[in-house]
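Visitor: Listed here are the chains, written in short residue letters.
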Amino acid sequence: MKRTSMLTIASVTALLAVLAAEVAISAQDKYILKLPNGLSFSEFRGYENWQVVSVSQTAELLKVEVANPTMIEAYRSGIPGNGKPFPDGSKIAKIEWKPKKMVESPFAVNVPDTLQDVFLIEKDSKRFPDTKGWAYAVFDYQPASDTFTPDPTGTVNCGFACHTVVKDKDYIFHSYQKR
Amino acid sequence: MRGMVSLLSAVLALAGVVVYMAHATEDATGEAAPLFGIKIPPGYRDWKLISVAHEEGNLNDLRAVLGNDLAIKAYREGKLPFPDGAIIARLAWGYVPSEENNKVFGRTQSFVAGAPTNVQFMVKDSKKYATTGGWGFAQFKDGKSADESLLKTCFPCHVPIESRDFVFTRYSP
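First to last, the protein sequences are chains A and B. Residue numbering for the first sequence follows my numbering, starting at 103 and increasing by one per position. Residue numbering for the second sequence follows my numbering, starting at -5 and increasing by one per position.
The shape of chain A in the complex, shown without the other chains (with noise of 0.2 Å):
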């Protein structure tokens, strides 16, 4: 018992210390950032630190889906394949890379090479009625400069017509993948 709260108050030390020296390097901070009648992107602070849900590729991309600990209970408990909807307070986030080989692996692999965007995902029944409780974000990343922008296509809306192409899964396209 002793040693399990040791341990803890070491964890929470070394985060609040790898918290500060991440404050400490970064000239912005993204988490300020608001798409305009919009999602903050505060309202998903701490997504780097998420649960991966599921890993995806297209054409251009490479991408990682990792949710909040509501959502990923929710995916662990059946949701959505039981029929039952994701619970207020789901968030999700997939993160996008443009890929590029790595030169290293006698493997033929592709990895992140820079990060593209953030699009993030939120469930608020009440605030986003007319989207069936979801709403949407996207910030775009450059490299260049180290900053994030609101992506001026990202709205609340945004993603929700496509996402009713999988209304039968509560809007959400990815499951979580199983180990």
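A hint or two may mislead.
What the hints assert, rightly or not - Across the chosen pairs, the derived CB separations fall in these ranges: (1) A:Glu206 - B:Glu93: 31 to 39 Å; (2) A:Gln244 - B:Gly31: 45 to 53 Å; (3) A:Arg229 - B:Thr147: 47 to 55 Å; (4) B:Pro167 - A:Ser144: 18 to 26 Å.
To be verified - With a cut-off of at most 27 Å between alpha-carbon atoms, the simulated DSSO-like pairs for lysine-lysine come out as follows: (5) A:Lys269 - A:Lys228; (6) B:Lys122 - A:Lys280; (7) A:Lys280 - B:Lys33; (8) B:Lys122 - B:Lys97; (9) B:Lys97 - A:Lys200; (10) B:Lys146 - A:Lys203; (11) A:Lys203 - B:Lys67; (12) A:Lys203 - B:Lys42; (13) B:Lys121 - B:Lys138; (14) B:Lys73 - A:Lys132; (15) B:Lys42 - A:Lys200; (16) A:Lys202 - B:Lys42; (17) B:Lys121 - B:Lys67; (18) B:Lys97 - A:Lys280; (19) A:Lys203 - B:Lys73; (20) B:Lys67 - A:Lys132; (21) A:Lys202 - B:Lys67; (22) B:Lys42 - A:Lys280; (23) B:Lys97 - A:Lys269; (24) A:Lys280 - B:Lys138; (25) B:Lys73 - A:Lys202; (26) B:Lys73 - A:Lys200; (27) B:Lys121 - B:Lys42; (28) A:Lys271 - B:Lys97.
Since the hints were made in silico from the structure, they are not lab data. For glycine and all other residues, C-beta sits at the position ideal for the given N, C-alpha and C.
Given the structure of chain A, go ahead and fit chain B onto it with the hints provided.
Guide: Structure of chain B alone, referenced to chain A:
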């Protein structure tokens, strides 16, 4: 009744684990012993993200590379070598086209994670694994370890990146 069934399943599952472990112990003394004696670390699926990858050669898979807290801390601080106790997990799934996604894009361009293939671990213990750069290597498929001959091929492949403490994966930007 449902409770009884759950209980029965749990007992059976436990029995299975016990049998499996007994079997593994037997193996450990025989030729089939995994080289580095690594077991699947509990909770690794919940670890934080280091990076992702797409292997487009023979394996053709999508991967997530996760780290335990020690590994993540070392990555974020950019400190090498990794400390003892650091574990890096490489999860892989089949690379499959997504019909749903492609419907939206209007062409076949979206690929998602399919069925799990195998999972690999690198475990840092500079004393125990002194002859392999301080790293132990493991690969499991459906809970079963790869055999010793395969595990022997891990370290030689990692030697060219000794300058990065034998770890290929970089922390994703």
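Visitor: When you check the alpha-carbon spacing of Lys146 of chain B and Lys203 of chain A, does it fall within 27 Å?
Guide: OK: Lys146 of chain B and Lys203 of chain A at ~26 Å, within 27 Å.
Visitor: What's the verdict on Lys67 of chain B and Lys132 of chain A, does the C-alpha distance respect the 27 Å limit or exceed it?
Guide: 22 Å, holds
Visitor: Given the hint that Lys122 of chain B pairs with Lys280 of chain A, does the C-alpha gap stay at or below 27 Å?
Guide: 31 Å, violated
Visitor: So if I understand the rule, the pair passes when the alpha-carbon distance is 27 Å or less; does Lys97 of chain B with Lys280 of chain A pass?
Guide: 25 Å, holds
Visitor: Going straight from one Cα to the other, do Lys269 of chain A and Lys228 of chain A come out at no more than 27 Å?
Guide: With Cα atoms ~18 Å apart, Lys269 of chain A and Lys228 of chain A stay inside 27 Å; holds.
Visitor: Taken at face value, is the distance from the CA of Lys138 of chain B to the CA of Lys280 of chain A at most 27 Å?
Guide: 16 Å, holds
Visitor: Compare the distance between the alpha carbons of Lys121 of chain B and Lys67 of chain B with 27 Å, and conclude whether the hinted pair is satisfied.
Guide: 21 Å, holds
Visitor: Is the hinted pair Lys203 of chain A and Lys73 of chain B satisfied, with a Cα-Cα distance of at most 27 Å?
Guide: 24 Å, holds
Visitor: Does Lys67 of chain B lie within 27 Å of Lys202 of chain A when you go C-alpha to C-alpha?
Guide: 25 Å, holds
Visitor: For Lys202 of chain A and Lys42 of chain B, compute the direct alpha-carbon distance and say whether it is at most 27 Å.
Guide: Within the cut-off at roughly 22 Å; holds.
Visitor: Run the distance test for Lys73 of chain B versus Lys132 of chain A: straight-line Cα separation, threshold 27 Å.
Guide: With Cα atoms ~25 Å apart, Lys73 of chain B and Lys132 of chain A stay inside 27 Å; holds.
Visitor: Please work out if Lys42 of chain B and Lys280 of chain A have their alpha carbons no farther apart than 27 Å.
Guide: Holds, because 15 Å separates the two Cα atoms, which is no more than 27 Å.
Hint violations for this structure: numbers 6, 8, all remaining hints satisfied.
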